[in-house]
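Peer 1: Use the sequences and the hints to build the structure in full.
For the sequence shown, the positions run 502 to 1192 when our numbering is used.
Everything labelled a hint here was simulated from the structure, so no lab data went into it. By construction, the Cβ of each residue, glycine as well, lies at the ideal position given by its N, Cα and C atoms. You can take every hint at face value.
Quick list of the computed label-pair ranges, beta carbon to beta carbon:
| # | residue 1 | residue 2 | range |
| --- | --- | --- | --- |
| 1 | Val575 | Pro1025 | 51 to 59 Å |
| 2 | Ser630 | Val1087 | 43 to 51 Å |
| 3 | Gln541 | Ser630 | 30 to 38 Å |
| 4 | Pro613 | Pro1157 | 22 to 30 Å |
| 5 | Gly1017 | Gly1103 | 21 to 29 Å |
| 6 | Ala604 | Glu1093 | 48 to 56 Å |
| 7 | Ala556 | Ala934 | 54 to 62 Å |
| 8 | Pro1137 | Lys587 | 33 to 41 Å |
| 9 | Gly1045 | Glu1093 | 33 to 41 Å |
| 10 | Ala999 | Arg633 | 23 to 31 Å |
| 11 | His765 | Arg1075 | 38 to 46 Å |
| 12 | Ser1063 | Asp883 | 43 to 51 Å |
Lysine to aspartate or glutamate pairs mimicking EDC-like chemistry, simulated, CA-CA at most 20 Å apart:
| # | residue 1 | residue 2 |
| --- | --- | --- |
| 13 | Lys521 | Asp802 |
| 14 | Lys592 | Glu922 |
| 15 | Lys647 | Asp997 |
| 16 | Lys592 | Asp883 |
| 17 | Lys647 | Asp872 |
| 18 | Lys587 | Glu922 |
| 19 | Lys592 | Asp881 |
| 20 | Lys592 | Glu574 |
| 21 | Lys647 | Asp1024 |
| 22 | Lys632 | Asp997 |
| 23 | Lys647 | Glu637 |
| 24 | Lys587 | Asp881 |
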Amino acid sequence: MGTLEYYAAIARMAPGALAKSAVRRVQGVARQALYRRREQVDEAQLLESFGATSAGELVSLALDHRSSRAWCEVSQRASVRAAIEKLPGAKQRTQARAAQALAQAWNVFGTPVSFGEGRPVDWSLDPLSGKRYPVEPVETLRLLVKGMDPKYPWVMGRLDSLVALAQGAWVTNSPVGRSRLATAFVAQTLDFLQANPVGMGAHWTCPMEIALRAANLAQALVMFADAPEVRRPEFLVPVLGALTEHSAWVEAHLEDHGAVPNNHLVSNYVGLAVVGLLFPELPGAPRQVALAANGLRAQMDAQVHPEGTSFEGSIPYHRLSVELFTLAYVVARGAGVSLGPAYESRLRLMYVASRAWSSEAGLAPQMGDNDSGRAFPFQDRDDREQGYLSGLGAALFNDSGLRDGVFPDEAAWLLGTAGLERFAALSVAPEAASVSFPEGGFHTLRGPGVVLTVSAGKQGQRGVGGHSHNDKLSFELHVHGRPVIVDPGTGSYTRDPALRNAMRSTAAHNTLQVDGAEQAPLDPARLFALPEDARARVLAFQPGARHDRLVVRHDGYRHLASPVGIERTFFLDRHVRALAVEDRLVGTGRHEVVGRLHLPDGQARWCEADAVVLARAQRVQEGPGSFEARAVEIGPAEAPVGWVLLGRGLETSLVPSQYSPGYGRVVSAVSVEFRRQMTPPARLGWVFVFR
502 MGTLEYYAAI ARMAPGALAK SAVRRVQGVA RQALYRRREQ VDEAQLLESF
552 GATSAGELVS LALDHRSSRA WCEVSQRASV RAAIEKLPGA KQRTQARAAQ
602 ALAQAWNVFG TPVSFGEGRP VDWSLDPLSG KRYPVEPVET LRLLVKGMDP
652 KYPWVMGRLD SLVALAQGAW VTNSPVGRSR LATAFVAQTL DFLQANPVGM
702 GAHWTCPMEI ALRAANLAQA LVMFADAPEV RRPEFLVPVL GALTEHSAWV
752 EAHLEDHGAV PNNHLVSNYV GLAVVGLLFP ELPGAPRQVA LAANGLRAQM
802 DAQVHPEGTS FEGSIPYHRL SVELFTLAYV VARGAGVSLG PAYESRLRLM
852 YVASRAWSSE AGLAPQMGDN DSGRAFPFQD RDDREQGYLS GLGAALFNDS
902 GLRDGVFPDE AAWLLGTAGL ERFAALSVAP EAASVSFPEG GFHTLRGPGV
952 VLTVSAGKQG QRGVGGHSHN DKLSFELHVH GRPVIVDPGT GSYTRDPALR
1002 NAMRSTAAHN TLQVDGAEQA PLDPARLFAL PEDARARVLA FQPGARHDRL
1052 VVRHDGYRHL ASPVGIERTF FLDRHVRALA VEDRLVGTGR HEVVGRLHLP
1102 DGQARWCEAD AVVLARAQRV QEGPGSFEAR AVEIGPAEAP VGWVLLGRGL
1152 ETSLVPSQYS PGYGRVVSAV SVEFRRQMTP PARLGWVFVF R
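Peer 2: In structure tokens:
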């Protein structure tokens, strides 16, 4: 797809977006021109903004006279610590994170890197390739270099390690231990600032990263407010200056210039809000807080559907959005700033959506892109995990409908003992029910120990499809809390464009592929765009007491010489404990049809269908009339989770595949592949019988 065709597609997908984007680009150029004419803040300006006559007085005014009651304030430490100590293992988890930060060690998308306590960090290192980004002006820096990925150094440069050090200090009884952690905070902060001057190097190329780094630095600084090591003018003055410079850069480089602004712009506003609310005396802070508050309200309305799903077209990015909007909400509330009832209401619904598709083990389906992104720097989580959000949402909104599982560490840090008491007083929520989110394009059928989530809706980002995949009518199946038939994930973005496109292709998903075609064209030059060609939608969503039925359709193969439409029916029978899936082809011509069921590992084997299993499969409505003699047993040989029985007449095989459980990690797996030459109208199907 050439440039003209691309913009024509954008115009079709998001009417009016190009005109608005052009206006925002002009505004952005003006902001950046003003920024270039400003001088970097110095000590005199900081003294004036805080009303201080000396650097020593500045320390007291900045760190002692705190009006905020945000979670990170020293005034909240006793409450947070009491909540942490009541959660089994929470203190130990906090100490482990602090020890890792003390050793300046990171797990960067599965690649470990460590520099040692008190030693300089190679902040520009891409630890996977071993190469480094030069520290040169961002205007001339080549960020997209073959074999490199800036997201790897950005993990270190986001500085959530500073919050981990502060968390460790809050739960540590030893004065010596607290001093050691505070000293490490000072050293790591200054090391980063000295190694990455404003506007120089990879860490100044992405305003989203700059904003979240500033938020982490500001929160950690407030947490260490009474530490003697921090209360030194020679440290505090440059750090307050750095916060000012970070906010000024973000304000001048807001990521609002795309056809459809996304989570990057939300992150920009979150950073401006957190820094400005925690340090309202900083130069520009009042203006930036007002900008951020208005922007957050507008983006909540623009980027979150009224049903509570993110507009990104990605379930993992929904998690990131929940955390971003929540962090801003909690800090703003602590500072006495309201983001409004509409913001709060829609944020609560985002938690409802996360609960709806999470399994009892807390894992969410990995549909759409997963770059493992988070905004909460409180506890390490599986890249697919969203179950912890229910407990946080229950305590945050005093909502018994979200009261699932345990009170999570994130809630203890953000809400303290008050949040824990609210959570404990709530009645336990009823089990999550089957639900359809037509605007988000995800539909979940649930039964005892079974969670099935189907993708059938428009491309994300109002049709731009930046984080969407060719996954229409595909699904992810969790049994007893664990993923069994999976979306293979993301793998990589810019480091490996071929892998990027392979992982978002039709063949990489649990859906039908006709004549080797894609549901929507994948442009190798545009890794974050996917046209709205499939037009997937729900024809019927029929939840019931004994079974659920979902009928979905897409028209992604209407461009073929002999056009074909695909209609897929999911029938989840809770009584028989089986899932039947039937595909119906509508159209003309003769076609090569291939279906795939991707597994997260290699634990699958052919077997003779047991008579009892076969009888159960034959009892399920919407299933094939007859089955192949052999079935696929899935899961460990000694404890399989179920069996796939394929309709008669299909050519079947187990083929090697790949699974990416999180960004940057790809493991070997297998997929069940079935194919057949078909002339519409025609049907094919299979049944999964649960153990």
